[in-house]
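Participant: Chain by chain, the residues run as shown.
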Amino acid sequence: MSNDQKTEEIKDTVGRVEDTPPASFKLLRRFAESPPEFVLIFALLVLGTIFWQGSPYFLTVLNVRNLLMSVAVLGLMAVPGTFLLISGNFDLSVASTAALSAVTVAMTATDHGAFIGILAALGLGLAVGAINGFLSMYCGIASIIVTLGTMQAIRGVARMSSGGQSHRMNKEIDFITDRVGGIPVQIIIFLVVCLIGIFVARYTQFGRSIFAIGSNPAAARLAGIREKPSLFIMFCLSGLLAALGGLVLASQLNAANPNTATGLELQAVAAILLGGASLKGGRGTMQGTMLGLLILGVLQNGLTLLSISSFWRDIATGTVLIAAVGLDQVRLRLGGAE
Amino acid sequence: MNDKTPEFKTFKLKASGLRKSFGGIEVLHGVDITVNGGEVLALLGENGAGKSTAIKILAGDYSRDAGKIEINDQEVQISNPRDSSSLGIKVIYQEFSDAPDLTVAENLVLGSWPKKSSGIVDWRKMQTMAVKNLQTLGVDIDPKTIVDTLGVAQRQVLEITRALAGEAKLLILDEPTSALTTEESDALFELILKLREQGVAIIYITHRLDELERIADRILVFRDGDLVAEGNKEEFDRNDIVTAMVGHALEEKSEKTSDSKVFGTPVLTMKDASSQNHFSQINLDVHEKEIVSLFGRIGCGSLEITSTIFGLQKLDSGSVTINDRKGPPNSPRDAIANYQIGYVPVDRKTQGLLPILTLSENLSVASWPWLTKIGILSRTLVAKVFDKWSPVLDIRAKKGGSQLVETLSGGNQQKVMLGRWLDRKSKLLVMAEPTRGVDVGARAEIYRVLRNFANQGMAVLVASSDIEEVTRISDTIYVLSRGEVVSKYKASEVTQAQLIREAGEDIKTPIA
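Chains as they are written, first to last, in our numbering: chain P, 1 to 338; chain R, 339 to 850.
Derived from the structure by calculation, the hints contain no laboratory data. Virtual Cβ for every residue (Gly too), placed ideally from N, Cα, C. Hints should not be assumed to be uniformly reliable.
To be verified - The list that follows gives simulated cross-link-like pairs (lysine-lysine, DSBU-like), each with its CA atoms no further than 30 Å apart:
id : chain 1 : residue 1 : chain 2 : residue 2
1  : P       : Lys280    : R       : Lys765
2  : R       : Lys826    : P       : Lys26
3  : R       : Lys737    : P       : Lys228
4  : R       : Lys687    : P       : Lys280
5  : R       : Lys652    : P       : Lys228
As the list claims (entries may be wrong) - Calculated Cβ distances over 12 Å to all of chain R for the following chain P residues:
id : residue
6  : Glu37
7  : Pro217
8  : Phe232
9  : Val325
Please work from the sequences and hints to get the whole structure.
Facilitator: In structure tokens form, the structure reads like this:
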């Protein structure tokens with residue numbers, strides 16, 4: 001029975017591996033046990049080194065400022081997005097909401113002043129978030145479907161209300177792109193939102209509840225956690241921050257176009273996934289998302305500095321996303337085999 | 339299927355010396371199982387006796403550590419489920435393995451769809467095949483039905499039909515009647531007897547002693563990983579079987595605090611409580627300082643009673659009063675906050691633990707509202723919860739409170755589940771199968787903690803199918819069968835044998 005022998009052999013090998021791991025396994029095991037952020041920091045350092053070697057401008061203050069500005073809007077979407085994805089939910093309507101917000105502020109601020117304009121834009125964002133939250137939490141429609149729908153619908157509203165045209169502004173909300181102590185306000189907003197995000201995720205009952213829900217919804221319910229209200233609030237915040245992103249966009253261009261920010265919702269999801277979250281929920285960290293954002297930003301920025309065509313930039317971004325998530329899966333599988 | 343009968347009749351499976359260990363502990367100590375075509379072999383034993391381990395070895399789900407398996411005197415290699423299936427061994431587990439969104443017909447050909455010469459799925463042929471397969475077994479199910487809309491009994495029959503469509507020579511059924519009504523069980527028995535006539539070998543795992551008389555030809559009894567009794571049905575009477583299942587510890591009394599214990603005021607009172615298909619006319623009292631067990635086989639309704647008390651199910655009639663409030667609660671949150679109930683669910687993996695949170699967070703989650711000021715959850719208070727309970731419960735975690743719960747042993751995880759409600763100061767603790775998958779040492783500690791907190795005034799209600807556990811921890815025992823209370827005992831005045839006999843009896847069709 002050669003079959004028998006084969007099985008015995010396999011068993012033997014497995015047995016030995018368990019007893020004394022050879023040197024090559026030790027390295028793999030260390031990789032498996034490392035926190036997910038380690039891989040990201042490593043990737044960031046490698047990319048940084050390459051671009052620093054490739055371009056003298058990469059590490060200048062001016063360029064770092066540009067880099068942060070380029071991920072600021074994305075970051076405003078990715079922070080609440082991380083909470084939602086951890087809980088197993090999506091908000092795909094954020095880019096459309098940003099466009100609606102930008103168009104709204106451009107059209108109202110010129111007549112009624114910046115304050116009214118901003119209030120209207122943020123209010124609309126909050127309303128979109130509330131609709132998303134209500135439909136996905138209290139009407140039992142999966143959030144990916146709800147927000148896929150509102151993504152289309154809100155884009156339509158933005159185009160309709162603007163007549164499909166760009167609207168110029170007279171620098172009413174320029175203070176968002178102004179600098180305070182050399183740092184543009186939009187970067188400050190981005191960093192503050194990130195810090196609040198990390199704080200909420202780690203130190204508040206609200207944040208921990210969302211992690212608990214994502215971790216195991218049935219168990220969270222049995223432990224007395226209110227699933228629906230928590231997530232409803234998170235959808236509202238997602239809409240509000242997307243609208244804030246729209247204000248930043250309008251300020252950057254001193255104008256608003258209803259087609260602005262197209263595709264940003266998927267980039268936000270990409271950054272979150274890059275940061276180690278799982279599409280199925282239950283896994284992810286705010287720090288991971290920050291690193292994911294930075295990697296996407298560095299990649300775009302560095303390749304631009306090396307004057308590589310935008311087509312190649314897109315290809316590189318896609319490849320990095322797949323490679324990073326793939327590597328994380330390998331890491332998890334190695335860890336799970338323990 | 340009848341034309342294959344001669345081949346079936348000669349079928350003989352002989353497994354000998356099967357051994358299996360998990361994590362260094364041997365759970366199967368070299369058992370022999372022989373089954374022939376055309377007979378029904380009943381496999382009996384208490385929880386943890388090794389029945390399912392043995393079956394999973396035959397099914398290829400587990401690899402055996404020692405022993406050999408022969409079919410018709412030829413040694414065969416079973417190292418995965420596919421090997422087992424291609425040898426004609428089919429197992430019907432309690433969980434269904436069908437595709438609920440597809441039709442009955444498609445489920446019958448899943449994986450090997452009939453195709454036309456062009457490679458396109460032949461729906462018409464699928465239909466005729468399904469009709470034929472169902473008719474052979476005399477099953478009355480429309481092949482066009484979506485599986486999800488079938489009842490439990492029909493799905494079970496479908497599973498069996500599926501197994502036979504793939505030419506089963508040995509059919510293994512794992513407690514098939516646990517979720518069936520009397521009528522449905524009768525229909526299943528008829529089907530089993532028909533298959534026996536056709537020459538199929540059948541291994542039938544059951545807890546219900548009354549079923550043996552109707553369908554078993556031979557009986558095997560497992561206890562603690564050993565084969566302890568074997569023979570033709572006629573050689574056994576019911577007491578012999580119970581004695582074999584329970585072993586010599588049969589009449590042993592448990593360590594009770596005292597027989598003439600005084601309990602406090604009633605915390606939980608159920609009056610004529612009924613819930614459609616799950617339980618009916620339940621009358622139940624749990625007092626302060628009292629540990630009450632609901633003992634019964636899987637499917638006896640005790641789990642549904644506990645989940646109703648915790649606000650997960652509605653009551654159709656009757657009443658529940660908990661801590662002087664009319665119940666049942668509307669939701670778990672309501673149960674925790676307004677009725678002061680704690681609930682340890684039957685499956686801590688899927689219903690209890692929060693895997694990405696830390697040990698201290700898992701321990702404190704029910705008390706979070708108390709540890710929070712202006713929305714901020716105090717990390718020091720959360721850490722203190724661990725410091726407070728880890729010595730009481732003897733939770734062993736290498737990295738302390740910041741360790742992830744997933745990396746703890748089953749026993750330690752269960753202590754976390756228990757600690758969650760101790761910290762919440764629950765007045766009524768409801769536990770479903772409190773020590774499932776928990777090692778012996780941790781089990782003793784959990785019992786000790788339960789007793790301690792009961793002595794301090796907590797009321798405890800336990801739903802359990804583990805006879806050792808029930809007799810060891812309870813003050814009062816209710817025996818349940820098919821959703822009804824069969825009897826109620828003070829733990830000190832009843833024997834394990836008596837409890838097992840009563841839980842195994844079908845009260846709707848009592849056998850003299």
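Participant: Quick one: which hint numbers does this structure break? Sort them smallest to largest.
Facilitator: Checked against the structure, the hints that fail are numbers 1, 2, 3, 7, while the rest are satisfied.
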